[in-house]
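*Asks:* Sequence:
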Amino acid sequence: GNENAVTKVIDNLFRLGAEVIHSGLSDVHATGHAKSEELKLYHSIAKPDWFVPVHGEYHHLIAHSRLAQVMGTPEDHILIAEDGDRLILDDNGLRQVGTVPSEYVYVHGTVGDIGSGVLRDRRILADDGVVAVTVCVDRKKKRLVSGPEIATRGWIHEPEAGDLLAELSARVKAAIEKALLDGADLAGLQRAVRRASGGFVANSTRRRPMIVPILLEV
93 GNENAVTKVI DNLFRLGAEV IHSGLSDVHA TGHAKSEELK LYHSIAKPDW FVPVHGEYHH
153 LIAHSRLAQV MGTPEDHILI AEDGDRLILD DNGLRQVGTV PSEYVYVHGT VGDIGSGVLR
213 DRRILADDGV VAVTVCVDRK KKRLVSGPEI ATRGWIHEPE AGDLLAELSA RVKAAIEKAL
273 LDGADLAGLQ RAVRRASGGF VANSTRRRPM IVPILLEV
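Take 93 as the starting number for the sequence shown in our numbering and just add one per residue.
Keep in mind the hints are simulated off the structure, nothing from the lab.
Don't be surprised by glycine CBs; every beta carbon is placed ideally from N, CA and C.
Warning: the hint list may mix true and false statements.
[As the list claims (entries may be wrong)] Computed Cβ-Cβ distance ranges for the label pairs, DEER-style:
| hint | residue 1 | residue 2 | range |
| --- | --- | --- | --- |
| 1 | H151 | S118 | 37 to 45 Å |
| 2 | D141 | A110 | 37 to 45 Å |
| 3 | N295 | G176 | 39 to 47 Å |
| 4 | Y196 | R245 | 27 to 35 Å |
| 5 | A218 | N96 | 39 to 47 Å |
| 6 | A218 | H147 | 30 to 38 Å |
| 7 | E241 | H121 | 56 to 64 Å |
| 8 | L117 | V146 | 52 to 60 Å |
| 9 | D182 | L211 | 16 to 24 Å |
| 10 | E111 | Q161 | 21 to 29 Å |
| 11 | Y196 | N104 | 47 to 55 Å |
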């Protein structure tokens, strides 16, 4: 929210010598919504031919539309719009024409909006952590050159990790060796790592961390 901005305003007022009464000290609240008399003043000055109430919940929009009628705007010149509604205002008046997608857009730094896939990955990382499995293979000779090397973050505490990691490594090794003998390509080897790792991790810890297979080929 805007808590940081509000705190800065309060601090700066204190620096200027003001005595600030805020919600942390007393049961007070300053709303960002205009009062009915303020809205009446706006309508008396603007005298809109067409009116679309904005800001607030749906019942606020209804209340504002009724106030607009009291101030002289005809009911058929008022349109209640919701998020995503497309409005057209032209010589024929104001009307709604269809809708557009209006979901939340999450922005991180300077990279623009964040897709649902990124958010899903972040939830997995936050809840269950990540397991990275690195193996080196020679597909021509159908053999495992080195690995598996397993690194984890946020999945399990170190004191408990030894036996589990050893068992996980053995299962991944067996899965990779079988996939190599079956002639699997790199995508198939990655799937084998994910299946072997994901199944064992889920069954042994009841958690589903992100599995990241890293395959090196010689």
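*Asks:* All hints are to be evaluated individually against the structure, with a verdict given for each.
*Replies:* Results of checking the hints against the structure:
Checked against the hint of 37 to 45 Å, the C-beta distance between H151 and S118 comes to roughly 28 Å, which is inconsistent with it. For D141 and A110, the hinted distance range of 37 to 45 Å is satisfied, since their beta carbons lie about 43 Å from each other. Checked against the hint of 39 to 47 Å, the C-beta distance between N295 and G176 comes to roughly 44 Å, which is consistent with it. Checked against the given bound of 27 to 35 Å, the beta carbons of Y196 and R245, roughly 28 Å apart, stay inside it.
Between A218 and N96, the C-beta spacing of about 23 Å breaks the proposed range 39 to 47 Å. In this structure, A218 and H147 meet the distance hint of 30 to 38 Å, their C-beta atoms being roughly 33 Å apart. Look at E241 against H121: about 57 Å separates their beta carbons, and that is inside 56 to 64 Å. Between L117 and V146, the C-beta spacing of about 33 Å breaks the proposed range 52 to 60 Å.
For the pair D182 and L211, the beta carbons lie near 39 Å from each other, so the given range of 16 to 24 Å is not met. For E111 and Q161, the hinted distance range of 21 to 29 Å is not satisfied, since their beta carbons lie about 43 Å from each other. Hint check: Y196 to N104, Cβ distance near 32 Å, so the stated range 47 to 55 Å is violated.
Comparing the model with each numbered hint stated earlier shows that hints 1, 5, 8, 9, 10, 11 do not hold.
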